[in-house]
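Q: Sequence:
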Amino acid sequence: MGLERFCVKTPRMVAPLARSVLCIVGLLFTFSQPVCEGFNLDLESPTVYSGPTGSYFGYAVDFYLADSASVVIGAPKADTAQVNVKQGGAVFYCPWGLSQSDCHTIQFDPEGNSPHSSPHPLPPLPFSPHQSSIFLHLLHNFTKFVEYAPCRTEISEAIGQGYCQGGFSADFTTDGKVVLGGPGSYFWQGQVISAAKEEIIKAYYPGYFMQSVEGQIQTKQVQAQHDDSYQGYSVAVGDFSGDQVEGKTTPMGSYFGYAVATTDINSDGMADLLVGAPMFMVRGSDGRLEEMGRVYVYLQRGPLNLELRLPHLTGTEAFGRFGSTIAPLGDLNQDGFNDVAVSCPFGGEDRQGLVYIYNGYSEGLREKPSQVIAGQWAAGTIPASFGFALRGDKDLDMNGYPDLIVGAFGVNKALLYRSRPIVNTTASLTIYPTMINPEEKNCIVTSGNASVPVSCVNLSFCISADGKHLPDFQVEVQLDSHKHKQKGAVKRALFLDSQQPLLQRRMRVRHGERVCNHTKIYLRGEKDFRDKLSSIYVALNFTLDPKAAADSHGLRPILNYQTANVIEQKAQILLDCGEDNICVPDLKLAVHGDRKEVYLGDDNSLTLTFNAKNEGEGGAYEAELYVVLPPEADYSGIARNNELTCSYETENQTRYLSCDLGNPMKSGTSLWAGLRFTVPRLKDTHKTVQFDLQIRSKNENNSHSEIVPYKLEVVVQADVILQGVSRPDKVFFPPVNWKLTKNHEVEQDVGPAVEHIYELVNNGPSRISHTLLELRCPLSFQGHPLLYPLEFSTEGPINCTSDKNMNHLRLKVSDLQLCADTHLPGSNEAQNQTVKLCSRPQVVTPVVWNKPDIENTVPLWIIILAILAGTLLLALLIYVLYKFDFFKRSVPYGTAMEKAQLKPQAASEA
Numbered sequence: 001m002g003l004e005r006f007c008v009k010t011p012r013m014v015a016p017l018a019r020s021v022l023c024i025v026g027l028l029f030t031f032s033q034p035v036c037e038g039f040n041l042d043l044e045s046p047t048v049y050s051g052p053t054g055s056y057f058g059y060a061v062d063f064y065l066a067d068s069a070s071v072v073i074g075a076p077k078a079d080t081a082q083v084n085v086k087q088g089g090a091v092f093y094c095p096w097g098l099s100q101s102d103c104h105t106i107q108f109d110p111e112g113n114s115p116h117s118s119p120h121p122l123p124p125l126p127f128s129p130h131q132s133s134i135f136l137h138l139l140h141n142f143t144k145f146v147e148y149a150p151c152r153t154e155i156s157e158a159i160g161q162g163y164c165q166g167g168f169s170a171d172f173t174t175d176g177k178v179v180l181g182g183p184g185s186y187f188w189q190g191q192v193i194s195a196a197k198e199e200i201i202k203a204y205y206p207g208y209f210m211q212s213v214e215g216q217i218q219t220k221q222v223q224a225q226h227d228d229s230y231q232g233y234s235v236a237v238g239d240f241s242g243d244q245v246e247g248k249t250t251p252m253g254s255y256f257g258y259a260v261a262t263t264d265i266n267s268d269g270m271a272d273l274l275v276g277a278p279m280f281m282v283r284g285s286d287g288r289l290e291e292m293g294r295v296y297v298y299l300q301r302g303p304l305n306l307e308l309r310l311p312h313l314t315g316t317e318a319f320g321r322f323g324s325t326i327a328p329l330g331d332l333n334q335d336g337f338n339d340v341a342v343s344c345p346f347g348g349e350d351r352q353g354l355v356y357i358y359n360g361y362s363e364g365l366r367e368k369p370s371q372v373i374a375g376q377w378a379a380g381t382i383p384a385s386f387g388f389a390l391r392g393d394k395d396l397d398m399n400g401y402p403d404l405i406v407g408a409f410g411v412n413k414a415l416l417y418r419s420r421p422i423v424n425t426t427a428s429l430t431i432y433p434t435m436i437n438p439e440e441k442n443c444i445v446t447s448g449n450a451s452v453p454v455s456c457v458n459l460s461f462c463i464s465a466d467g468k469h470l471p472d473f474q475v476e477v478q479l480d481s482h483k484h485k486q487k488g489a490v491k492r493a494l495f496l497d498s499q500q501p502l503l504q505r506r507m508r509v510r511h512g513e514r515v516c517n518h519t520k521i522y523l524r525g526e527k528d529f530r531d532k533l534s535s536i537y538v539a540l541n542f543t544l545d546p547k548a549a550a551d552s553h554g555l556r557p558i559l560n561y562q563t564a565n566v567i568e569q570k571a572q573i574l575l576d577c578g579e580d581n582i583c584v585p586d587l588k589l590a591v592h593g594d595r596k597e598v599y600l601g602d603d604n605s606l607t608l609t610f611n612a613k614n615e616g617e618g619g620a621y622e623a624e625l626y627v628v629l630p631p632e633a634d635y636s637g638i639a640r641n642n643e644l645t646c647s648y649e650t651e652n653q654t655r656y657l658s659c660d661l662g663n664p665m666k667s668g669t670s671l672w673a674g675l676r677f678t679v680p681r682l683k684d685t686h687k688t689v690q691f692d693l694q695i696r697s698k699n700e701n702n703s704h705s706e707i708v709p710y711k712l713e714v715v716v717q718a719d720v721i722l723q724g725v726s727r728p729d730k731v732f733f734p735p736v737n738w739k740l741t742k743n744h745e746v747e748q749d750v751g752p753a754v755e756h757i758y759e760l761v762n763n764g765p766s767r768i769s770h771t772l773l774e775l776r777c778p779l780s781f782q783g784h785p786l787l788y789p790l791e792f793s794t795e796g797p798i799n800c801t802s803d804k805n806m807n808h809l810r811l812k813v814s815d816l817q818l819c820a821d822t823h824l825p826g827s828n829e830a831q832n833q834t835v836k837l838c839s840r841p842q843v844v845t846p847v848v849w850n851k852p853d854i855e856n857t858v859p860l861w862i863i864i865l866a867i868l869a870g871t872l873l874l875a876l877l878i879y880v881l882y883k884f885d886f887f888k889r890s891v892p893y894g895t896a897m898e899k900a901q902l903k904p905q906a907a908s909e910a
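Mapping the sequence shown onto the UniProt record's numbering, position 783 (from 1) lands on 783, and the numbers just tick up by one.
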């Protein structure tokens, strides 16, 4: 016996119901975003009630606030003192504020299966009598009861109400009517029965079953196609101002209507409807169906006018049975809208069970839960089923906020979660003046024994709070001065009280009061930071003091999570930019280089000279020369201007150079400097390499110059030399003992051998390919054969072909020409580089003709004839000389006189 329900069969459809009663069949929603933990139920210290092992203690839970603040907990499998009854079930009564050992069972029926009298004799019942009854408590802490069993009629078979299970679900209207669900009536068509509590009490007589009372209404049997509909499986009461409301028909497996609840979630004065379908299937990304569960939300827009709100609430835990229980909570967070708890009893880690808290608002129910409560016990032999039973909307500890009871019958537990008081805060932060003038040193900072004048401004912050049943509370305030949205940046402003970028204060706030505090922030030295343009943000962050004492109910207040507890204000640094404090630079950049081309294979040193100007009306703050390097280049250093500082960095595989041009780069500045680079990694797939240069500043307006590209042509340059030698260096022809023959059987028959050796050298820097070497040889002279090619040999990757169809290798001769057409590797024709290198070196082999042997070359008769001719010629010459007295002798010195005349001279010469 329990207070709520037993699971028997799957609801398939809902037949018409009685007025003001709705039995529905339901579905669920996903939570893709993180939820706010800890608002506002106290999850840290719930009250835990335990029941007998195996009793299903916690299967049903409720509040009892009539005589005293108490909790009642159902245990449908508990043993009792009833005669001949095993596991008859029990309800435990647990007074609030006492230990759980003070829970005791409520005695509804001490006699068990004893016969009952009736003015109308009934046949023997094929079921336990208490499966079709409910007990109404009258007064005196569960000491007097009235039993109401409207299903115990003469028609006790399946065709009638024999399997009615009246009381399987139950609820009460606000005017005191009892509403019962009997899902087993009429071949499990099910039915709903309602009667006034006063009429039941009036008609009750001990020992007699009340089959009907004055004013009782109930649904009747309908056509056979509605069999197995399980009407009454779950009931919830609300004012819908109609005679009957049709339920929805959904797929058998979704269990639409397993749980229903009514509450005004949008605060329009009309009850809204929530329907659970804990076995609703969702198709996953892989196309497979997964059981997630769903809850449908219907807003009542008028009498019998229910509007289905989208999107639905859909579970995220496979087989978690989201939507098994739905419990109205009342206005949990005191925002004017009622809230709802939805269970997922088999969800979470180790299937420990989850309960989701959803807050109402003007448009219905918020899609994301404000709180998720996880069970404390993992699944054992059976799941803990945490959340299978829920009950809220009652303030047990009378602190002004409703509480929540959660049952976990699988571990025989029930937990009470109390609501903490909510603090609604209002905070303000003010900076005055909002402009910090670096030239005005109006504050003093003491550092050691030194006093340093600094520029500062005032800061004040105020906090006020309100809420229901709030005590005085402490607030921890943290102020942070920081560069907005830039982590790790230099803190430009510090608090005067702490000389740090953080300041912490503890403030006591009374309910309804406004508490304020004051301090100052000052600007650090100009050399300590670069950013002068962006705002200086000061953030105020406040939290409740965790060390503050709890209230009279043992609970600490909590800040409303919907209230912003971080406030930001900003101040500006005064710039030399006119009244509007806005600088508009006009940045110009010119670039020159010491070369226009670079060579493949060389280191290619390069100097870029730039001229940076600011011709605007204001300074360019944090101005930098930004140079994007091509992948082929490296930065070497600064070529001129020793005051220039540059840093080399990489970002997202882009290498760039950043050079400081001033902070600010004032109006009228003209700066010359040079940068050195090398370009050692040229590729033959690109015709050019390009440097991109730009001046960048942090100014809001006109902050960058135009990008200036500097492009270099990629050129192939190679120093190619062809040199050769002849072996032997000269040839004597004809050779000795050589005879001219017509039949050449061996190579000596042709003539003397001549070998030419050639060497091709590339002195770089570029490599060349596709080179063609042409060798031309004079094979004939004046129509006569001169050279006979015999053979050739090569070294290296050389392929040789001949233009003559000969059986010999071609020889390289004096009339040699080399033409090299070199193409850089690469399939892109537009990117190919071509170089043409031509030279005509000559390798000469002199030919020396040998003198022939006479005996072998002049006939004898010619020799004799020549001797005779010579003798004749000699005789003729002698005769001519004779005729001219050539052979007569003469005196050498003349006459004697002549001799005498010569002597004195001869003597004198002596």
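Keep in mind the hints are simulated off the structure, nothing from the lab. A portion of the hints provided could be inaccurate.
As the list claims (entries may be wrong) - Here are the computed distance ranges between Cβ atoms for each label pair:
#: 1; residue 1: S362; residue 2: D472; range: 42 to 48 Å
#: 2; residue 1: C516; residue 2: L304; range: 51 to 57 Å
#: 3; residue 1: F781; residue 2: P859; range: 58 to 64 Å
#: 4; residue 1: F732; residue 2: Y879; range: 56 to 62 Å
#: 5; residue 1: D175; residue 2: N305; range: 18 to 24 Å
#: 6; residue 1: S498; residue 2: P631; range: 20 to 26 Å
#: 7; residue 1: A549; residue 2: S267; range: 33 to 39 Å
#: 8; residue 1: R640; residue 2: S460; range: 50 to 56 Å
#: 9; residue 1: Y361; residue 2: A450; range: 33 to 39 Å
#: 10; residue 1: P709; residue 2: E526; range: 32 to 38 Å
Unchecked claim - Under the rule of at most 20 Å between Cα atoms (straight-line distance), these lysine to aspartate or glutamate pairs were calculated in the EDC-like manner:
#: 11; residue 1: K613; residue 2: D580
#: 12; residue 1: K394; residue 2: D331
#: 13; residue 1: K666; residue 2: D684
#: 14; residue 1: K441; residue 2: D576
#: 15; residue 1: K491; residue 2: E615
#: 16; residue 1: K588; residue 2: D545
#: 17; residue 1: K532; residue 2: E622
#: 18; residue 1: K588; residue 2: D660
#: 19; residue 1: K532; residue 2: D580
#: 20; residue 1: K532; residue 2: D660
#: 21; residue 1: K368; residue 2: D335
#: 22; residue 1: K596; residue 2: D684
Glycine included, each C-beta is placed from N, C-alpha and C at the ideal position.
Q: The structure should be examined with respect to each hint, and the outcome stated for every one.
A: Verification of the supplied hints:
no.	hint	result
1	S362 <-> D472: 42 to 48 Å	violated (33 Å)
2	C516 <-> L304: 51 to 57 Å	holds (55 Å)
3	F781 <-> P859: 58 to 64 Å	violated (30 Å)
4	F732 <-> Y879: 56 to 62 Å	violated (47 Å)
5	D175 <-> N305: 18 to 24 Å	holds (23 Å)
6	S498 <-> P631: 20 to 26 Å	violated (49 Å)
7	A549 <-> S267: 33 to 39 Å	holds (34 Å)
8	R640 <-> S460: 50 to 56 Å	holds (53 Å)
9	Y361 <-> A450: 33 to 39 Å	violated (58 Å)
10	P709 <-> E526: 32 to 38 Å	holds (35 Å)
11	K613 <-> D580	violated (23 Å)
12	K394 <-> D331	holds (10 Å)
13	K666 <-> D684	violated (44 Å)
14	K441 <-> D576	holds (17 Å)
15	K491 <-> E615	violated (31 Å)
16	K588 <-> D545	violated (57 Å)
17	K532 <-> E622	holds (8 Å)
18	K588 <-> D660	holds (15 Å)
19	K532 <-> D580	holds (15 Å)
20	K532 <-> D660	holds (15 Å)
21	K368 <-> D335	holds (17 Å)
22	K596 <-> D684	holds (17 Å)
The structure does not agree with the numbered hints 1, 3, 4, 6, 9, 11, 13, 15 and 16 stated previously, though it agrees with the rest.
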